[in-house]
Amino acid sequence: MNNTSYTTDVAAWSVEQAQLIRSGQFDKLDLEHIAEEIEDVGKSEQRELASRLAVLFAHLLKWEFQADFRSSSWSATIREQKRQVAFHLEDVPSLRTKFDDARWMGMVWGRAKTLASKETGIGFDTFPENCPWAIVDVLELTWLPG
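Positions 348 to 493 (our numbering) are the ones given, in order, by the sequence shown.
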């Protein structure tokens with residue numbers, strides 16, 4: 348093995364660390380960086396959910412605030428985002444706890460308002476300060492606001 352440094356080439360380092368684990372050479376592991384990488388996996392999963400949910404919320408805002416522009420492509424995008432969120436929650440069910448985290452949901456809602464504002468030209472502050480919909484409704488495949 349090359350003993351590649353984590354800071355030099357993380358991809359090569361990860362392959363080497365996996366080989367060390369598989370070969371039982373635990374004393375040679377870079378435990379601190381392995382722990383960081385494991386934590387980063389969880390953060391990455393949270394970012395994926397936040398991104399999908401923000402896009403979903405933004406499209407729901409557009410749906411509600413621009414009723415005259417509703418189209419089948421909008422409803423298709425909404426359904427697809429709902430499916431992707433559902434798939435992600437099936438793969439990582441512990442992320443459902445994020446829905447009870449007011450700070451996290453506030454951040455996602457803020458992103459959604461920013462996206463919707465940019466895409467519609469509607470002022471950011473025109474949209475509700477907090478998400479007005481129950482998450483259980485939002486994730487229901489056929490539910491739409493207004």
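Derived by calculation from the structure, the hints in this document are not laboratory data.
If you're wondering where the values come from, they're calculated on a predicted model, not measured in any experiment.
A couple of the hints might just be wrong.
[Stated by the list, open to error] Listed next, the in silico DMTMM-like pairs over lysine to aspartate or glutamate satisfying Cα-Cα at most 20 Å (straight line): (1) Lys445 with Glu476; (2) Lys390 with Glu476; (3) Lys465 with Asp415; (4) Lys390 with Asp374; (5) Lys445 with Asp484; (6) Lys445 with Glu487; (7) Lys390 with Asp472; (8) Lys465 with Glu386; (9) Lys390 with Glu466; (10) Lys445 with Glu386; (11) Lys445 with Glu379.
Consistency of the hints with the structure:
no.	hint	in the structure
1	Lys445 with Glu476	holds, 19 Å
2	Lys390 with Glu476	violated, 26 Å
3	Lys465 with Asp415	holds, 18 Å
4	Lys390 with Asp374	violated, 27 Å
5	Lys445 with Asp484	holds, 16 Å
6	Lys445 with Glu487	holds, 18 Å
7	Lys390 with Asp472	violated, 29 Å
8	Lys465 with Glu386	violated, 33 Å
9	Lys390 with Glu466	violated, 27 Å
10	Lys445 with Glu386	holds, 16 Å
11	Lys445 with Glu379	violated, 27 Å
Hint violations for this structure: numbers 2, 4, 7, 8, 9 and 11, all remaining hints satisfied.
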